Structure formats: C-alpha cells, structure tokens
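J.: When you get a sec, could you build the whole thing from the sequences and use the hints?
Chains A and B, in that order, give the protein sequences. Count along the first sequence starting at 1, add 3, and that's the number in this note's numbering. Count along the second sequence starting at 1, add 3, and that's the number in this note's numbering.
It cannot be assumed that every hint is accurate.
Not the full set, but computed from the structure, chain A residues with beta-carbon under 10 angstroms of chain B [claimed, not checked]:
1) Asn20
2) Ala224
3) Gln275
4) Glu276
5) Trp281
6) His283
7) Glu284
8) His285
9) Lys301
10) Ile304
11) Leu308
12) Lys312
13) Leu325
14) Val326
Example chain A residues on the side facing chain B (calculated, C-beta under 7 angstroms, incomplete) [to be verified]:
15) Leu299
16) Gly314
17) Ala320
Keep in mind that the hints were calculated from the coordinates and are not lab data. Predicted model only: the values in this text are computed from it and were never measured. A virtual CB, placed ideally from N, CA and C, is assigned to each residue, including glycine.
Single-letter residue listing:
Protein chains: 2
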Amino acid sequence: MKKKRLSVEEYVKGVLNGDRVTLSRAITLIESTLSNDKKMAEKVMESILPFSGKSIRIGVTGVPGVGKSTFIENFGKLLVDMGYKLAVLAIDPSSQKTHGSILGDKTRMESLASDKRAYIRPSPAGGALGGVSAKTREAMILCEAAGFNVVLIETVGVGQSEIAVKGMVDFFLLLMLAGAGDELQGIKKGIIEMCDALVINKADGENIDAAKRAKREYSNALHLFQAKENGWFPKVMVCSSLKKTGLEEIWKMIEEYWLKMSQNGFFENNRQEQRANWMHEHIRYLLESRFYQDELIKEKIQHMLPDIKSGQQSSIAKARELVDLFMKTQSE
Amino acid sequence: MKKKRLSVEEYVKGVLNGDRVTLSRAITLIESTLSNDKKMAEKVMESILPFSGKSIRIGVTGVPGVGKSTFIENFGKLLVDMGYKLAVLAIDPSSQKTHGSILGDKTRMESLASDKRAYIRPSPAGGALGGVSAKTREAMILCEAAGFNVVLIETVGVGQSEIAVKGMVDFFLLLMLAGAGDELQGIKKGIIEMCDALVINKADGENIDAAKRAKREYSNALHLFQAKENGWFPKVMVCSSLKKTGLEEIWKMIEEYWLKMSQNGFFENNRQEQRANWMHEHIRYLLESRFYQDELIKEKIQHMLPDIKSGQQSSIAKARELVDLFMKTQSE
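T.: Dropping the structure here:
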C-alpha cells in the first residue's frame, strides 16, 4: 500500500511532536532528489529551523573494525539511562551503492535500536558535491526539532565526510585501536588533527597494557601536532565498549568541554560560523550541481577531458568556455 | 614613459625566446584583473601551454623566520651551478596589502637575483576564491615555456596557499626549525601531512644537536602519521642554508623522488590529475567569483548574514534564493 503523501504542515507538526514515523519520513523527504520533494523539504526545514539547535552534536569516527557500533550502542545506552534523548545518524559511503540503507544497521545496534529513547538513522553519503554535508546536517536539525538533545553522527574515518561532519558538530571524537603496529596508520591525514578527543577502544583483557601504551604515544603525538584556537587540549582516553568501562569518563569529558566552550563563547561562536559556512557551502553546491548536471556541459566535459589531462588543451581556457556556455544557456 | 602594449604574438614569442623582460610583462598580464587583459592572458596561456611542463616543480614552505630566503638563495645557487635554469615564485599573503610586490624580495635573495641563470618573481596572493592557485600556476607555466627547468614555489606555511601549491607541484618540501619547544607548533594542521620532505634548517653551530634530535622526533612523528599512495616515504633531513651543508643531499633526494615517481608512473599520473583538477578549480572559481561579484548578490548577503548566523533564517533556503536570483539576473 502506498503511503499517503504528507503536507508540509503535517511534516512539521509530526516532527515537532516527536513522532518517530513522521521524523523518518521527513528525513526521507530531505534526502529525495526529486525536484518537488526538494521544494517541500526546504519549506519543512524553514519551519523547523527555529526549533532546532538545542542538542550537543558529537561526531564519532574511526576505521572499520574499531568497534564504532558497540561503542555507540553502549555509550548511547549510558546517555539514555541518564535521561538524554539520543539520535544517531550514520554516514556510510558504501550506502550509495546499496540505495541509502546500511545493511544490518538495526542489528548492529540492537539494544539501542529497540530503545524508545533513542533514534537511529543511516544517512546516505549522497555522492559528491557536498551531499553528505547538506543531507546529514538537515537530518540532524530534524532530530533536534523532534526533541533529541544529543546527536551522534557516525562516519567511517576514511574519507572526506569527516571534514564535512567536523563543520556541523560541537565535538569530534576519534575512536582508535591499540597494538596494530603503526598506531595511526589507516586514518586519513588530517583527521587526527581535527579531533577534540581520541579514544582508544577495546581496552580490555590482554589489550589493556597496549591501550595504555597507545594512550601515551598518542598523547605525545597530539601534543606535537595540536594547538586549538578555543583553548581546548585534545584528550586521549581509553575505554572498552564491550566491558562498558571508560564510557562515563568520556561523557564527563564532553560535559567539561561543553561547559568550558559555553563559558568562553566558543560554543555559540562556532555554531554561528557553521551557519554562515553552511550557506556558503550550499551556494557552492547549488552553483556546481546546476553546472555539472547540465546535459550540454556534461557532454562537453567528457569530450574535452582527455586533451585537458594530456595538456594539449588549456585547463583555464576550457573552464572559461564552459562557464560562459553555461551562463548563456541559463538565459535561453 | 608608458610602455608600448605588446600583442599576443609578441608575448608568446618573447616568452618562448626566454626573454626575461617579456616574461615579467606576461606574468603581470596574467595577474591583471582588467577584463581585456584577462582575455589576452588567456590567449597567451593557450599558445604557450604546449611548451610548458618540462621542469620539476618544487613547493617550499615554512613559517617566517625559518630561513626560507637563505635556503632558496643557496639551494638555488647550487642548482644553477649544476646547470639548471631556476625560476623562483614567491607567494606572500601580505603582498595583497603592498600591491603585489614583496618588499625587499630582490635584496632577500641578492646573489640569486643578480644571477642570469635564475629568475625571481613575487606572486601576489590575489585574494580569496582560488586566486593564488590560478595566478601562480600560470606564472609557473610561463616560466617553463621560457626555458626554466626547475621551478621553486615559495609559500609562508601558515595558510591555505599550501594546499593550492601542493596541487600544482611535483614535490613538496617543508622547512622547519629545531629547538623551539613544541617542534611542530605554528605550522598549520595538515601541512606536515602533505610534505614529501621535512628539512630542519639552521643545523649549524650550537644548533646541530638540537637539529639531530628534532630529526629523530619528526621521523617518529611522520612514521606515525604518513602513508603515501605513491610508495614514497617522506624524508626528514637537516641542513644549514647559511653554512651550505646538507643542500646537495636534499637535491639528491629530490632526484631520487623524481626517478622513482617517473618509473612508477606517479609523476605523469599526478600531473594529469592536476590538469583535470585545475579545470574543475577554475570552473568553481569562475562560478563563485561571478556570483560573489554580482552587486545585487553582495547587497543581499550583507543584509541577511546576521539572521543566518543567529539561525533565524535558514542557510539553505537563503542559499537557494540567492542562486535562483543570480541565475535570473544572468538572463536579463
């Protein structure tokens, strides 16, 4: 049976009432690439925006195998037990291939997924051109409007999405493993530099000593590399998601961050900058997506790319030619 | 006396003949923001492009005080003595304020500047929106067409220009100092990660031990952080630009890199990707610069920014409104 289409008002009302079904449908709406849906989504977002923002936004990243699901499951359980309403948004680049759903995401975080105080939603990576940034940020805002006051955004720590996520969260947490030879291998350059905390997971059983050694090693390395403008010195911690140790300390650290950054004004200032950047990012996204989706432009680029690469054609002359052509077609 | 304007043919011929005066005027032409000059510059670039590319392109960066001028002066002297023709392009963000010339640039590298086998040119940072990237890359190509077969591009190591420069060079060298407390302080996040070699300068006199210690420290840190796709493991070296020690070793290392990367195909492959990226960057630059230079858009943004920042207006809705408006004005 085909679901009845909702009106903008129904979306807004449902989300503001904290109705999970409507929230899910609203996120599906903003992820839609259909032109009509896009217009509707924009109206929903505009109505909902004034009711958003009242959460702490936490980015969680780490390579596959680091234990992100178990971490989020048990860290999340701790938060809901403390009375928080938790939304988890997971960005998986592979979901582009599987049409927007992370296979087994519900089973991945079974106990959290069945907990009414938490809401878990996979977010499609949405291709290039700022897709991750736009859709995930909007999903986060919808969750906030629905009353969730902690939002965890999970990424896999191997690509561009971390930079996008950094631009929309208040706190960025990197999960790592100890004892895998070169400790920081496998993590993309630059990701460590932008984290507010580095947490060594699986610090249990025979792993405890290695985790403590890794903690020292990372502390030294971070000490070399970091100098944050907000006065926060990135923390290195250990935890065992499985044994549920170290999780409370992590939350205490985030609370400390939250308090300090609220007091020194960085928290609100950061959010203001994020909102302005969001507009500029979206302008860039719209300009570029309209350009690259133009059929004539697509065809021209495909035709000229080999000569550009070999250096037989001038990259700048062709760029100008294409932009001139694009502007001209807009006026027809 | 006003200089006679050159024709496109005169520019091209002069540059290809290696005439330094014409080369300088051609670089001034491509740096011009006048609409007529831009068109002419594009024609010059197009004619000259097939004669470019036959150099090794080296980015040199480091914070102020690290001794870049002395390094380039004496490293450059070594290269010209070996028979290379050297062009040095210096990007100085401060030159925006001083109208495009680095004050004292000639005196900075006095002996190299008076050497006919070398050519030194300050490059204005050229504001935001990809200015550095576009102009410096074009200046580099003009130098190559004029017969220079080693191009050094100097940046100050504190900003965005390094990323732009990384996208146009074959080899990226970071100069550092030892013994200044936290060794990597002051260098922007991410810059260390993209270097192919890290050279500790001023390893002379009482500094030698500290430089060696720093070398070990950096080696360990880089070992933790780096995993290059081209199979190159970033080297850490020491030198004294003043005492002219270690400079030959640096050139040998660059030659080794050059050879390996030519053999494994990375060199040409990297350049092909750089040319394609150049086109995409320039497309972005043109789209955004036309957008943000639009008078109506400027006015609108200034008007709405406070409400965007405070979250009272939706960043995405306003972005779409602005882009729609821009596209509409193009058709008028």
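J.: If a hint holds in the structure, say so; if it doesn't, say that too.
T.: Results of checking the hints against the structure:
1. Asn20: Violated: closest Cβ of chain B sits about 21 angstroms from A:Asn20, beyond 10 angstroms.
2. Ala224: 6 angstroms, holds
3. Gln275: A:Gln275 check passes; min Cβ-Cβ to chain B is 4 angstroms, inside 10 angstroms.
4. Glu276: 8 angstroms, holds
5. Trp281: 4 angstroms, holds
6. His283: Where the cut-off is 10 angstroms and the nearest Cβ of chain B is about 8 angstroms from A:His283, the hint holds.
7. Glu284: 8 angstroms, holds
8. His285: OK, holds: A:His285 within 10 angstroms of chain B, min 4 angstroms.
9. Lys301: 13 angstroms, violated
10. Ile304: With a minimum Cβ separation of about 8 angstroms from chain B (threshold 10 angstroms), the hint on A:Ile304 holds.
11. Leu308: Check passed: Cβ of A:Leu308 comes within 7 angstroms of chain B, closer than 10 angstroms.
12. Lys312: 4 angstroms, holds
13. Leu325: 6 angstroms, holds
14. Val326: 4 angstroms, holds
15. Leu299: Where the cut-off is 7 angstroms and the nearest Cβ of chain B is about 14 angstroms from A:Leu299, the hint is violated.
16. Gly314: With Cβ-Cβ at 6 angstroms, under 7 angstroms, it holds.
17. Ala320: 5 angstroms, holds
When the structure is compared with the earlier hints, violations turn up for hints 1, 9 and 15 and for no others.
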